[in-house]
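**Student:** Taken in sequence, the protein lines are chains A and B.
If you want the working numbering, it's the 1-based position in the first sequence plus 212.
If you want the working numbering, it's the 1-based position in the second sequence plus 212.
Warning: the hint list may mix true and false statements.
Copies of the same chain are indistinguishable here, so a pair counts whether it falls within one copy or spans any two.
Unchecked claim - Taking lysine-lysine pairs in the DSSO-like style, the calculated list, with each CA pair at most 30 Å apart, reads:
1) 452 x 437
2) 437 x 512
3) 452 x 430
4) 445 x 304
5) 252 x 437
6) 252 x 452
Worth flagging that the hints you see were computed from the coordinates, not collected in a lab.
Chain by chain, the residues run as shown.
There are 2 protein chains.
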Amino acid sequence: MDRSPIRAIHLAVGLVVLFVTTAVAWADDTLPSWNDGAAKSAIVAFVVRVTQEGSPDFVPPAQRIATFDNDGTLWSEQPAYFQLAFAFYRIKVMAPKHPEWKDKQPYKAVLEGDMQALAAAGEKGLLELMAVTHAGMTTDEFATAVADWCDSAEHPRFKRPYIDLVFQPMLELLSYLRDNGFKTFIVSGGGVEFMRVFAERVYGIPPEQVIGSSGVLKFEMRDGKPVLVKEPKIEFIDDKAGKPAGIQRFIGRRPILAFGNSDGDQQMLEWTAAGSGARFMGIVHHTDAQREWAYDRQSKIGTLNTAWDEATAKGWTVVDMKQDWKVIYPFQK
Amino acid sequence: MDRSPIRAIHLAVGLVVLFVTTAVAWADDTLPSWNDGAAKSAIVAFVVRVTQEGSPDFVPPAQRIATFDNDGTLWSEQPAYFQLAFAFYRIKVMAPKHPEWKDKQPYKAVLEGDMQALAAAGEKGLLELMAVTHAGMTTDEFATAVADWCDSAEHPRFKRPYIDLVFQPMLELLSYLRDNGFKTFIVSGGGVEFMRVFAERVYGIPPEQVIGSSGVLKFEMRDGKPVLVKEPKIEFIDDKAGKPAGIQRFIGRRPILAFGNSDGDQQMLEWTAAGSGARFMGIVHHTDAQREWAYDRQSKIGTLNTAWDEATAKGWTVVDMKQDWKVIYPFQK
Numbered sequence: 213m214d215r216s217p218i219r220a221i222h223l224a225v226g227l228v229v230l231f232v233t234t235a236v237a238w239a240d241d242t243l244p245s246w247n248d249g250a251a252k253s254a255i256v257a258f259v260v261r262v263t264q265e266g267s268p269d270f271v272p273p274a275q276r277i278a279t280f281d282n283d284g285t286l287w288s289e290q291p292a293y294f295q296l297a298f299a300f301y302r303i304k305v306m307a308p309k310h311p312e313w314k315d316k317q318p319y320k321a322v323l324e325g326d327m328q329a330l331a332a333a334g335e336k337g338l339l340e341l342m343a344v345t346h347a348g349m350t351t352d353e354f355a356t357a358v359a360d361w362c363d364s365a366e367h368p369r370f371k372r373p374y375i376d377l378v379f380q381p382m383l384e385l386l387s388y389l390r391d392n393g394f395k396t397f398i399v400s401g402g403g404v405e406f407m408r409v410f411a412e413r414v415y416g417i418p419p420e421q422v423i424g425s426s427g428v429l430k431f432e433m434r435d436g437k438p439v440l441v442k443e444p445k446i447e448f449i450d451d452k453a454g455k456p457a458g459i460q461r462f463i464g465r466r467p468i469l470a471f472g473n474s475d476g477d478q479q480m481l482e483w484t485a486a487g488s489g490a491r492f493m494g495i496v497h498h499t500d501a502q503r504e505w506a507y508d509r510q511s512k513i514g515t516l517n518t519a520w521d522e523a524t525a526k527g528w529t530v531v532d533m534k535q536d537w538k539v540i541y542p543f544q545k
Numbered sequence: 213m214d215r216s217p218i219r220a221i222h223l224a225v226g227l228v229v230l231f232v233t234t235a236v237a238w239a240d241d242t243l244p245s246w247n248d249g250a251a252k253s254a255i256v257a258f259v260v261r262v263t264q265e266g267s268p269d270f271v272p273p274a275q276r277i278a279t280f281d282n283d284g285t286l287w288s289e290q291p292a293y294f295q296l297a298f299a300f301y302r303i304k305v306m307a308p309k310h311p312e313w314k315d316k317q318p319y320k321a322v323l324e325g326d327m328q329a330l331a332a333a334g335e336k337g338l339l340e341l342m343a344v345t346h347a348g349m350t351t352d353e354f355a356t357a358v359a360d361w362c363d364s365a366e367h368p369r370f371k372r373p374y375i376d377l378v379f380q381p382m383l384e385l386l387s388y389l390r391d392n393g394f395k396t397f398i399v400s401g402g403g404v405e406f407m408r409v410f411a412e413r414v415y416g417i418p419p420e421q422v423i424g425s426s427g428v429l430k431f432e433m434r435d436g437k438p439v440l441v442k443e444p445k446i447e448f449i450d451d452k453a454g455k456p457a458g459i460q461r462f463i464g465r466r467p468i469l470a471f472g473n474s475d476g477d478q479q480m481l482e483w484t485a486a487g488s489g490a491r492f493m494g495i496v497h498h499t500d501a502q503r504e505w506a507y508d509r510q511s512k513i514g515t516l517n518t519a520w521d522e523a524t525a526k527g528w529t530v531v532d533m534k535q536d537w538k539v540i541y542p543f544q545k
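Given only the sequences and the hints, what does the whole structure look like? Please build it.
**Tutor:** Rendered as structure tokens:
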């Protein structure tokens, strides 16, 4: 007797069982660090809506553009933006070659950790520190400096590398979207050359999908080899009204999903909301002083005020960090 | 007797035959509009080198970045850059709402097709025409105007839409690279908002992989809806030394393959060549006055002079349009 038809049926049944098991397991594994609640439901409902073929809200994969702010949305931003911590770190690394800094503000303040003197140096002092640490070197040299900071510097509160302070629930959201055919982008006020050093490793977002603020680059020949030198001249500020402009300039399509955490993201969320078809606008609300930080309307960093009002008025999704997230950082899993 | 093992062998043999046949057919179909010769061989040899696992020159797919100039490399650029033809077309479309243009230069020259008067208006006149046709409208309005031009305007020599004048051999090269895991980008001096309207349809290159020159965009609320308005202010010129800067700004990785046709592409080719590992630098040389145009060192448009010398000195691949290409345009197939 030829038993191959029976074998074929066994095989088919086996495959169906495998498929069903996998599908159920997958459903349970969706966003595991998110508590069941309105935020998680809204995200999943939106993704199902735009990815189900035949659905009136179906969006072809090429148009599934998702944009995320970085500071305060994908990683923490307290007690100060991490890129500022990088600048201070660099001042210390560079100090041996600049003995004059010992007696010169604002460098002296950084080297001595004198926050009062630093505050007195004001915005002008800060801009000088940023220029010295972010310009006058090639793009390759800068990338090496950022990589060194990622490996060496420690966050004062958590005593861990800054790149450990990324939000586990957001990492899961990025993966979930990519698994559903979305292209994920960072759209941040942070420096594009800064973020690209770790964005692929930490978020799985390749350099060409990172949009940020930038300085002018100058092409030069050095010993017959071309280099790009970072000049101390701002080219583009990717914040507030700059975010929709940056999205248009870099992506050329309107996102269907955007996530931010502050008033600096309001225009990006408005720009996303104004497109036709299904849209998702999300805001991370920092409500967890114990595990992370709690701040909103009154905060100098990551102010969430007018964007919060608009989110409430328009029914955007506001994620309550304390209520909605089981863990904050990957090392707490 | 259980005959399933024999069937399995039959099936396996069948699959092998199918695979071999497919592989041979595929090899014959590679770049069908390219004549066999040094240029085609160099391209295929490079692609095999960087895609073969285990090869010392293997490049992971994520790093297979290929950048292409547009004007003169992917489509024609004579008798003038096609974006200028778009500007002139727009002046004519807009004229009924600007009766004063009948008597005012440089508009009068465009409306009357008076090339002498236009030349007399010089660069200042040209910039004015570009500003009027490229700014003072939203990005959506501009995209509609470009789409209209694509559908309506005709090239004076070929009496066909401008977007028909793309190079069939280059379309095949773009596809061949993508089939081999490359990500293809346009890096052009042309306007980014201009090219994106047709780049996906014509070249299969999505908006987020088009890099070009740009004007400042202003975010505004109009009747409660956000818009981006194109301002008459240049933000970035993606030409010559601007090309490596544009590549770094938008992609953040160095290409391993780049193609251009003029001195405006020289720095992009140098930047590509200066990376480590296998590299491919290509130049399209316009040598075919009969089927397209023949021009190089003395041409005002698409001057190929110093880049040609460097290509010769460094062994970059120079494509001789007349010798290397079986057909120029898709409609000649």
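**Student:** None of the hints should be skipped; say for each whether it holds.
**Tutor:** How the hints compare with the structure:
| no. | hint | result |
| --- | --- | --- |
| 1 | 452 x 437 | between (38 Å within a copy, 16 Å between copies) |
| 2 | 437 x 512 | between (44 Å within a copy, 28 Å between copies) |
| 3 | 452 x 430 | both (27 Å within a copy, 11 Å between copies) |
| 4 | 445 x 304 | within (23 Å within a copy, 40 Å between copies) |
| 5 | 252 x 437 | between (51 Å within a copy, 28 Å between copies) |
| 6 | 252 x 452 | within (26 Å within a copy, 48 Å between copies) |
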